[in-house]
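Participant: So the sequence lines, in the order shown, correspond to chains A and B. End of the first sequence sits at 1593 in the working numbering; the numbers just go up one at a time, nothing left out. End of the second sequence sits at 410 in the working numbering; the numbers just go up one at a time, nothing left out.
It is worth saying that the hints were derived from the structure and are not from the lab. Wrong hints could be hidden among the right ones.
[Claimed, not checked] Below, simulated DSSO-like cross-link-like pairs (lysine-lysine); rule was C-alpha separation at most 30 angstroms, straight line: (1) B:K184 x A:K1533; (2) B:K333 x A:K1582; (3) B:K407 x A:K1533; (4) B:K352 x A:K1533; (5) B:K352 x A:K1582.
[As the list claims (entries may be wrong)] Non-contacting residues of chain A with respect to chain B, defined by C-beta distances greater than 12 angstroms in every case (computed): (6) S1462; (7) L1465; (8) E1470; (9) Q1475; (10) Q1538; (11) I1545; (12) Q1550; (13) A1554; (14) G1562; (15) A1583.
[As the list claims (entries may be wrong)] Computed spacing ranges between beta-carbons, pair by pair: (16) B:R264 x A:V1476: 50 to 60 angstroms; (17) B:S360 x A:A1567: 36 to 46 angstroms; (18) A:D1552 x B:R338: 29 to 39 angstroms; (19) A:D1552 x B:P213: 46 to 56 angstroms.
Cβ coordinates follow ideal geometry from the N, Cα and C atoms, glycine included.
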Amino acid sequence: MPLKVSVGLSKKIGQPDYGSLGASCHVEYEADSVLLFQDLEAFHRQVKAAFTACKQAVSDELYRHQNGELQQSPDQAQQNNHNGQHANGANGRTNGQRRQTGRKATASQVRAINSIADRLQLDLAKWLHEKFGINVPAELTISDASHAIDELKALPATTNGGRY
Amino acid sequence: MTSLIFEPATEARPPPLATASPQDRNYISFSAIRSYQTCPLQYFFRYVAGLPKETVSASLVFGSAIHNAVEHHFRRLLEGQPAPPVEELMARYREGWQDQSAPVRFSKDEGTGTLDGLAERMLRTFAANDLARPSGHILGVEETLRGSIIPGLPDVLGRIDLIVETPDELVISDWKTSRARYSQDQVEDSTEQLLLYAELAKDFAPRKKIRLEFAVLTKTKEIQVERYSAAPDPLRIDRTKRVVERVWKAIEGEVFYPAPSTMNCSGCPYRDPCRKWPG
């Protein structure tokens, strides 16, 4: 009996000025259900291969859009960022990793991020990892540090403390 | 190595020797450059011989203590806290006095009581002023930046009071206290320092223009907060760099001599060692 396997992967990365860029890939294929009972290892290999294919496709798509944006004039790029609209339609302030280019956060920003996180009793390393894919605020760029401070300021201490 | 020799009969302290060769410094600050321009021997005492200041003028401590309070105000804003009340700013001001280890030298009409009253009026005026509520993202408060901006010279080190990014520009600000409103010469003078700072911070927001700004809190009967703005002029930046380069070459060449003047000497913390300097 054929088995329908659905595999999908989505990824978003942050962009300057509250923008974001996202891409997703979903595939469906039919597999032999016998694999589930007789060769589980082969089944896992197939699923893993499907995920790897999705991951590669998503990365390629994000890379293509990022490069496309970099080739625009600064004004065009800024226009995109102000509108918060990107080629894939994603927009606004969202979770996900941001592009880590540009000068690193200032000592004042790092100090402020640590101070706000302390006040909120936040697991900063976890929060930074989720939002920016890094573990310490000093690894943020100046621009991302500003976004991080804005986001942290908007977090209520009670709900936030529970989640992070 | 440069050394200073003092007469043992008149100076109980061991003769202060140069603790480091001028060339050993791997950075130079604007205040060091300005110190040399004011008096090369004062520069030597402070930066080469490493002499502790024998006294410090009350106006210097006062300015530094006000600065302490202003720094606290902007840090609170950066951290998403409400602007601190004047009482909190005054507490920071008092801490600024406590941090001072050298004996403070007051002028005849000064005392801690009168200065405290002045500080409160100044901080109240500051807190009510628009300049205390910058629009945009605060990127740095008392931010120390260091970078190689003049080929062949050590890194330039700057401590910038406030860096703010607005949608259109990067604003680099310096806060000062002054007995009176600034003259045009003082404005020009202060801009030089900011020109160097602009070079250190120009990649903070590469697509945006830079505006240099300094705010002066006057110690007058009616406190004023004056704002002066300037745009970085490439010719002036170039001139400032050349001046720094020449000053550095003089320091490297160990050209140290006193530059006596009523204005320089009255507040100098090295008056006694200067008098005993054999030349």
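Participant: B:K352 and A:K1582: Cα distance at most 30 angstroms?
Facilitator: Not OK: B:K352 and A:K1582 at ~39 angstroms, beyond 30 angstroms, violated.
Participant: Run the distance test for B:K333 versus A:K1582: straight-line Cα separation, threshold 30 angstroms.
Facilitator: holds (27 angstroms)
Participant: With a cut-off of 30 angstroms on the C-alpha distance, tell me whether B:K184 and A:K1533 pass.
Facilitator: violated (36 angstroms)
Participant: Regarding the assertion that A:L1465 does not contact chain B, is the least Cβ-Cβ distance greater than 12 angstroms?
Facilitator: At about 53 angstroms from chain B, A:L1465 clears the 12 angstroms cut-off, so the statement holds.
Participant: The hint says 36 to 46 angstroms between B:S360 and A:A1567; measuring C-beta to C-beta, is that right?
Facilitator: At 32 angstroms between Cβs, range violated.
Participant: Would the non-interface assignment of A:Q1550 survive a Cβ cutoff of 12 angstroms against chain B?
Facilitator: holds (15 angstroms)
Participant: May I ask you to test the hint 29 to 39 angstroms on the CB atoms belonging to A:D1552 and B:R338?
Facilitator: holds (34 angstroms)
Participant: Checking the smallest CB distance to chain B, is A:I1545 really beyond 12 angstroms?
Facilitator: violated (6 angstroms)
Participant: Taking only the CA atoms, is the gap from B:K407 to A:K1533 under or equal to 30 angstroms?
Facilitator: Status violated; Cα separation ~48 angstroms.
Participant: Is 50 to 60 angstroms right for how far apart the beta carbons of B:R264 and A:V1476 are?
Facilitator: The hinted range 50 to 60 angstroms holds for B:R264 and A:V1476, with Cβ atoms some 56 angstroms apart.
Participant: Taking the shortest Cβ-to-Cβ distance between A:E1470 and chain B, state whether it exceeds 12 angstroms.
Facilitator: holds (52 angstroms)
Participant: With 12 angstroms as the threshold, tell me whether A:A1554 passes as away from chain B on beta-carbon distances.
Facilitator: With a cut-off of 12 angstroms, A:A1554 remains clear of chain B, as the shortest Cβ separation is near 19 angstroms.
The earlier numbered hints that this structure contradicts are 1, 3, 4, 5, 10, 11, 15, 17, 19.
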